[in-house]
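What follows is the residue order along each chain.
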Amino acid sequence: MIKLENVTKVYKTGVRALNDVSLDIAPGEFVYVIGPTGAGKSTFIKLLYREEVATSGKVFVDGQDVKKIKNWKVPYFRRKIGVVFQNYRLLPKKTVFENIAFALEVTDTPKVEIRKKVRRVLELVGLEDKANAFPHELSGGQQQRVAIARAIVNNPKVLIADEPTGNLDPDTSKEIIELLEKINEVNKTTVLVVTHDRDIVQKYKKRTIRIEDGCIKTDTSLGGYNI
Amino acid sequence: MMIVRGIKNFPKHCKTALVSIWRNGVMSFSSIFAVTITLLLIAVVMTIALNVNKITVNIENSLTIYVKVDRAATAEQSKAIEPQLKALKGVKDVKFSSKDQELNKLIASQDKNNKKLFENYRNDNPLGDAYTVEVKDVKTLDKVAKKIENIQYVNEVTYGGSSTNKLVKILENIRNGGAIFVVALVIVVLFMIANTIKMAITARSTEIAIMRMVGASNWYIRIPFMLEGAFIGLFGAIIPIVALRYGYTFAYEQLTQMMGAGLVAFVSPFPFVYQLSGILLLLGAGVGLIGAFFSVRKFLKL
Chain A
1 MIKLENVTKV YKTGVRALND VSLDIAPGEF VYVIGPTGAG KSTFIKLLYR
51 EEVATSGKVF VDGQDVKKIK NWKVPYFRRK IGVVFQNYRL LPKKTVFENI
101 AFALEVTDTP KVEIRKKVRR VLELVGLEDK ANAFPHELSG GQQQRVAIAR
151 AIVNNPKVLI ADEPTGNLDP DTSKEIIELL EKINEVNKTT VLVVTHDRDI
201 VQKYKKRTIR IEDGCIKTDT SLGGYNI
Chain B
1 MMIVRGIKNF PKHCKTALVS IWRNGVMSFS SIFAVTITLL LIAVVMTIAL
51 NVNKITVNIE NSLTIYVKVD RAATAEQSKA IEPQLKALKG VKDVKFSSKD
101 QELNKLIASQ DKNNKKLFEN YRNDNPLGDA YTVEVKDVKT LDKVAKKIEN
151 IQYVNEVTYG GSSTNKLVKI LENIRNGGAI FVVALVIVVL FMIANTIKMA
201 ITARSTEIAI MRMVGASNWY IRIPFMLEGA FIGLFGAIIP IVALRYGYTF
251 AYEQLTQMMG AGLVAFVSPF PFVYQLSGIL LLLGAGVGLI GAFFSVRKFL
301 KL
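Which chain is which? The protein sequence lines are A and B, in order.
The opening residue of the first sequence carries number 1 in the UniProt record's numbering; numbering runs sequentially from there.
The opening residue of the second sequence carries number 1 in the UniProt record's numbering; numbering runs sequentially from there.
Hints may be right or wrong, so weigh each one.
[Unchecked claim] With the Cβ distance kept under 7 Å, some of the chain B side facing chain A (calculated, not the full set): (1) A130; (2) T132; (3) I210; (4) M213; (5) V214; (6) A216; (7) N218; (8) F250.
In short, the hints are calculated from the structure, not lab data.
Beta carbons are placed, not taken as given, at the ideal position from N, Cα and C, and that holds for glycine.
Turn these sequences into a full structure, and let the hints steer you where they fit.
Below you can see the structure in the form of structure tokens.
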């Protein structure tokens, strides 16, 4: 599903964020990406949803060479990928329902179908009763659920979560990870979680990739933070 | 497919644009106000420039060369001048006026007492025949006049001399200056609208980022902003158009009354007001569209 071949990314400022990285993530996998701040984790995921383009090497997502996608086609490519951020990034003036429906509206989904899909996804994240609430009326955990719902509502092949629990307390964090696990199992979506959270990585053991100084330090399916 | 989708989504995009104008109240209002001021200025300058142009053309058309024929010339000799005048380069039209006609004109221009006095000349007309020569381009007035002086039996040539040339030049400068000013103002409006829209868009960069994140195509993001720019331009044109409609009609009536009929005739308000209104609407909307297009582009770059 995701494949990197000798990928190097050097920013215009001269910062070498990734250095000759190669890895392979199969469809339906659940992967943690860990490592200290500034190690290149963010660059790694930005290359996946083509916010950035690799300086050298190749990045494949769903069999597509990301570098070869023309600028104007990027939006269509992004529909295959759901992204969740630490700060949720919800539209403050839209209700929960509208926020999720937004992702379908831009892809010209018929209204009836939008309603069906949004309801189904709200059920999946456990927020059926909050459809008409505004983001500021929700707790952090609930807002993150809405963000996840928006990310998965058009059935992407890959779900990328960038520090999804960064702003949440430990209990809520666990709920969010369990939700991501559920999405991974139910929808067979490939899930990539970038995180700092030791407890989570220790508790929910999955394949863990540690990035340090732009290189993959360890990559193990045993899981756990200290490996 | 893209076009069909675009048309299908058009009402939705329009609604988004109008809602956005409404929600960004103060910002939208300041943009509309900026457009209003500039369009007002453009309307005023264009009105003045077009009127100056009309007056200039009137004056230029009335500039002619007056040719007096020598009294000693016989009728045939006098008549022989006409083809020579017509043969000159740059001459548009030649009108003959016999010495009797000249006297009639002279008498008609006098007041009552003098009229009787001049009537005495009927028997022994001291005037000669005359020609009025129109030229194609007033700038060549003096050159043509000089050539006419050399024709046999021509006694005197009058055309206003160098002062006429100066007047023609001044009028031309006013016209060119007006045109440059209008172009400069259009550019100013473009930057003003672009800038205000840029501010409005910067305030909503997160919204654009999210739209891009969920896979909205560039045009899907761009169109509502462009429509917003167009609406701002259209709303900004309302006051200038109303002001033009009533202001110009009023000014026209007043000035025409003051000047009377003559050389200084102004452009009549209809259909002029409607034409200029159309131009203002197009200008506002067009500039809004283009300004928004360039402002959003920055946020869509990868």
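Of all the hints numbered above, which does this structure not satisfy? Sort the numbers upward.
Failing hints, ascending: 1, 2 and 8.
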